[in-house]
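Starting from the known structure of chain A, fit chains B and C onto it as the hints suggest.
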Amino acid sequence: MTRKPKQRKVVNKLNIVVLIRNTVDCRVPLLPDMYGEQPLPEAMASIINPADWFALEQGLDLRGQQDVHRVMAMSLGGKDAEEALRWCLAAGAQRVLRIWDKALEEADLLGRGKALAAALARSKPELVLCGDGCLDQINSALPGVVAAAAGMAYVPGVTKLEKVEAGKAIVIRRLEKGKRERVIIRLPALVAIEDGGSAPAYYADLPGAVTAFTVAVPCKGLACLGLSAERVGSRGAKVHNTLLRVARPVVTRPVTPDPGLPAEQRLRKILSGGIVRKQGEVITGSAEQLADKIVEFLRKEPVVRL
Amino acid sequence: MVNISVRLKYSRYRLDREAHIKVNYEKCRNCGRRACLTACPAQCYLPQPENGVVFNYEACLECGTCYIICDQGALNWNFPKGGCGISYRFA
Amino acid sequence: MSSNTFDVIIVGAGPAGTTAALILARKGLKVILIERGEFPGAKNMFGGALFGRVLDEIIPEYWAKAPVERFINRKIITLLAEDSAVSLDFNSAAFKQAPYNGFVVMRTRFDRWYAVEAVKAGAVLLTQTTVDDVIREGNQVVGVVARRAQGELRAKVVIAADGALSFLAQKAGLRKDFTPEQFSLGVKEVIQLPPGALEERFGLTGDEGLSNEYLGRMGDGLHGGAFLYTNKDSLSIGVVAQAHSLKEKQVTIYDALEKFKRHPAVAPLLEGGRFLEYSAHLIPEAGANMIPRLYTGGMLVTGNAAGLVLVGGVFLEGVNCAIASGRIAAETVLQAFEKGIFDKRAMAEYEARLKASFVLRDINRYKSAIPLLMNKRLYEVYPSFACRTLENWFTVDGTGHPKLAGMVKGLLGEDVGLWQLAGDGYQMGRALLW
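In order, the protein sequences belong to chains A, B and C.
Note that the first sequence ends on residue 528 in our numbering; no numbers are left out.
Note that the second sequence ends on residue 94 in our numbering; no numbers are left out.
Note that the third sequence ends on residue 482 in our numbering; no numbers are left out.
Note that these hints are calculated values from the structure, not bench results.
Since the structure is predicted, the reported quantities are computational estimates derived from the model, not experimental observations.
Just so you know, not all the hints are guaranteed correct.
Straight-line distance between alpha carbons at most 20 Å, and here's what the computed DMTMM-like set of lysine to aspartate or glutamate pairs gives [claimed, not checked]: (1) Lys224/C - Asp74/B; (2) Lys168/C - Asp302/A; (3) Lys301/A - Glu264/A; (4) Lys12/B - Asp255/A; (5) Lys280/C - Glu259/A; (6) Lys84/B - Asp180/C; (7) Lys25/B - Asp181/C; (8) Lys84/B - Asp181/C; (9) Lys12/B - Glu306/C; (10) Lys12/B - Glu264/A; (11) Lys301/A - Glu165/C; (12) Lys392/C - Glu185/C; (13) Lys280/C - Asp255/A; (14) Lys113/C - Glu264/A; (15) Lys25/B - Asp180/C; (16) Lys301/A - Glu328/A; (17) Lys295/C - Asp74/B; (18) Lys168/C - Glu304/A; (19) Lys25/B - Asp225/C.
Next comes chain A alone, as it looks inside the complex (with noise of 0.2 Å):
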C-alpha cells in the first residue's frame, strides 16, 4: 500500500471506491440436501462477484488518468469478504476497508445498505463503482439501496467510463434493444458497471500477492461508523431469510418436427427449439370486452393460471 502524500495537496484529486461483494458460485448447478430442500452448503461456493471485480478492473484503469488520487475497494462481510479485500489489494487498490460487525449477520439490504453508506460517508469518495447486478441476485440491489441511503446519484447498466474528472463523470449507459446513450453524471454518484465478460486482466504480480496476505486488513464496526446494531442488525431487519430453496431443473422438452415438413422447416423447428414468432394481435371493443379477451388471451398461453 504505497500513499503519496504529496498528492495530497492537491485539491479536486478524485477518490474512487470500488464495492465488492461476495455471492455463491451460481453458475455451477447447487445441488440440494437428501431432503431435497435447501443447497448443500458445500455447494454453495463463494467467490466474488464477477461483476463487481470488473468494476474494479475498471476503477484500477483510471488510475493512469490525472485527476484520480485512489481507488479503496470495500466490501461488508465475513472471512470470505477479507479475502476478497486481499485479492483486490493484490490486483493493486491503494486501500481496503472491510465492514463487519456481529449485528451484521442477520441484517436485512437496508440495514447493509445503511452500514456501507455510513462508512462511504467518511472516506467522502466522489465515485463509487460496483457491478451491475450480482450473481446470487439476492443482494444485486445493494447499490441502489447504498445510493439511496449515502443520498448519491445512482447510475446503473453503464458499460463504459469513458472519462472521470473533478465533479464530473461521462459514462455510457445501455438501454434496450442494444441502444447506448452517454450521461454526464455530475459528482458523488454511484455508478454501476455490467460485467464486459471478459476474463479478469489484473492478474497479481508476486510481491503484491505477498504483500496482500501479510498486511491485516482493517476492518469497522458498527460502533465505529456510529451506528447501532438497533437499527441496522438483526434487530432493526424488516426482511428475514427463513429458507433458501435450490431452484428446480428447468425441463427442456425435445422437439420433434412434423415429418411430413420439409426439410428446411424441420431444421428450422430444431434449431429454433420449437419457438415460432407470434403475430400481434390487435383487440377492439369496450372496456369489459377488452377485459375479457385479455384474460381470454393469458387463459390460453401458458402464463397465468385463473
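Relative to chain A, chains B and C alone:
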C-alpha cells in the same frame, strides 16, 4: 459407454484463456496407440477421423494421467494458472 | 520490504505442506504456504480415509475441531467376480473410541480447515498461485519461481509438497521421469443417499462409518480395485486402476466405474442416490521403487511428491504418511535453523528421520507387495476363482456337496496351474505375512 461430460456439468471450473496442456498434434498423428483417448478420466482427448487427437482443456481434472502414459512426448504438461481449472466441491 | 521475506517456502497446501507450515509457524518461523488451487483442497481428492493418530499428536483431539464425516469402525475387503462377491468384514469396538483409528473426510473441507489452522499459527497462506520452478544457486535451492509477474521468491529452505506429479522435485533434479507402472488412477463419485438410507443399508448408528475395498477386474480388464466410503449423508464410491493397464487395455475408467456401480453386490447400496460430483487423481503406487532423492541443499520433498504412499494390498495410505513426512520435514528445518546451516548435509537429517519413522519403515516392509499388485492373476483369476469356488460349494441342487479340495482342483485346471498357485501364494505371503 458413459458420457462423462454429463457428470462434469456438476463440477466447478474457472477457465483460463489458454490451455495449460499444450499438445503437439504432429506427434499425435504418428501415434498408433493413442492411449490418451481412453486413459483420460474426463474424456478430454477426442479422436480425429483418420489418426491424431484433439485435446479440450476445459474439462481437465488435472490428474496427470495423460502426462504419464503418453509415450510420444507430445505433451507440454503444466498445471493451470493459479486459481484456474477445477475446483472440487465434494472430493 | 521486510514483510516479504520468508524463512521457509512450502509449496502445496495439502496435508504434508500444511503440517510443515503449522509446526514451523508455531515455532515462530516466517513461513509462506503457496497453493495453486482456488482454496486449499480445491484440487485434492482421495478415497476418503484419514488415519489420524499422527494428526492427533499435532492437533490433540482434532476430530472435535476438524470437519470429519464419520469415524471408521468397520472395514470390509471384498473380492469381486463378474456377478458375485466374497467379503471379509471386520468390525471393531475399539475403533469407535478416541483416539479413533480413522475418519472419513472430504478433502475440500478438511484441507481448508487444516490450512486455516496453519494460518492461525502464523503462517502466510497464498492461494491461487502456481509454482513452476525452483531457484538454484550451485547445489543449493534458494527459492521458487511462481507463475506471476516478478514471481521469484527466496527463502532459506523450500519444502516441496506439490503432490503426486511433483514438478518441483523434477526441476530440482531429484527425480527421474515417471513411468506408467508407478501410478494408479483413482476416480470417485460422491453420491447422496435418501434420508436414513445410509444408516439402514450399512447398519450404522450415530457417527459410525465404514470403508469397503474391492479387489478384482475392473470394467473390461483394468487391474486395480474399487472403494466405498460412508460420508455423513453420502457415499464416496470409486475405482482405482493401474495406469499401465489403462494404457494397454484401452478401457475407460469411467466405464469401469459405471460397471462397478451396476455390480449386483454394489447396486443396491446406491439405490435412489443422487450424483453430486466426479473427481480424479493419480496415486503414486510404486512405494520404495519410486521415491525420489528426498532432499538436496535447501530443499525437502514430502508427501505424495515424494511418493510416500504405503501400498500394502489391503492398505493404501497416503495422508498419514504425508502428515508424518511434513512433520519430520519441519523438525529437520527447525534443527537446521538452530544451527544456521541449510546445505545438503543438514537436509540429510530428513531422510534419516524418515527412515526411523513408521513412514519409510512400513513402505520398505511392504516393498514385496508391489510386485504382487503387478501380478495380473490377482485381478483376473483369483477373485472370480474364490467366488466360483464358494458358489459351487454353497449351491444346493441335489447333486450333493463336494469337498473343497476336489472342487478347487477341478476349477484350478481351467485358469491356473498348481505350481503357479504355489508361486503366487508364496508371493502373497512375502507381501503381507512375513
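The hints, checked one at a time:
Proposed proximity of Lys224/C and Asp74/B is supported: the alpha carbons are some 15 Å apart, at most 20 Å. For the given pair, Lys168/C sits about 16 Å from Asp302/A by alpha-carbon distance, which is consistent with the 20 Å threshold. Between Lys301/A and Glu264/A the alpha-carbon distance is near 16 Å, which keeps this suggested pair within the 20 Å criterion. For the suggested pair Lys12/B and Asp255/A, the alpha carbons sit about 18 Å apart, so the restraint of at most 20 Å is met.
For a cut-off of 20 Å, the pair hint linking Lys280/C to Glu259/A stands: about 17 Å separates their Cα positions. A hinted pair counts as satisfied when its Cα atoms are at most 20 Å apart, and Lys84/B with Asp180/C qualifies at roughly 10 Å. Our distance criterion of 20 Å between C-alpha atoms is met by Lys25/B and Asp181/C, whose separation comes to about 18 Å. Taking the CA atoms of Lys84/B and Asp181/C, the gap is about 14 Å. The hint holds against a cut of 20 Å.
Between Lys12/B and Glu306/C the alpha-carbon distance is near 17 Å, which keeps this suggested pair within the 20 Å criterion. Our distance criterion of 20 Å between C-alpha atoms is met by Lys12/B and Glu264/A, whose separation comes to about 16 Å. The suggested pairing of Lys301/A with Glu165/C holds, with an alpha-carbon distance near 14 Å, which does not exceed 20 Å. For the proposed pair Lys392/C and Glu185/C, the alpha carbon gap of about 13 Å is at most 20 Å, so the pair holds.
Distance check on the hinted pair: Lys280/C and Asp255/A sit about 11 Å apart at the alpha-carbon level, within 20 Å; holds. For a cut-off of 20 Å, the pair hint linking Lys113/C to Glu264/A stands: about 17 Å separates their Cα positions. A C-alpha spacing of about 16 Å is found between Lys25/B and Asp180/C, which places the hinted pair at or below 20 Å, so the restraint holds. This hinted pair checks out: Lys301/A and Glu328/A have alpha carbons roughly 16 Å apart, not beyond 20 Å.
Between the alpha carbons of Lys295/C and Asp74/B the distance comes to roughly 10 Å, so the proposed pair stays at or under 20 Å and holds. As the CA atoms of Lys168/C and Glu304/A are separated by approximately 15 Å, the hinted pair is consistent with the 20 Å bound. Taking the CA atoms of Lys25/B and Asp225/C, the gap is about 18 Å. The hint holds against a cut of 20 Å.
Going through the hint list in order, the structure satisfies each hint without exception.
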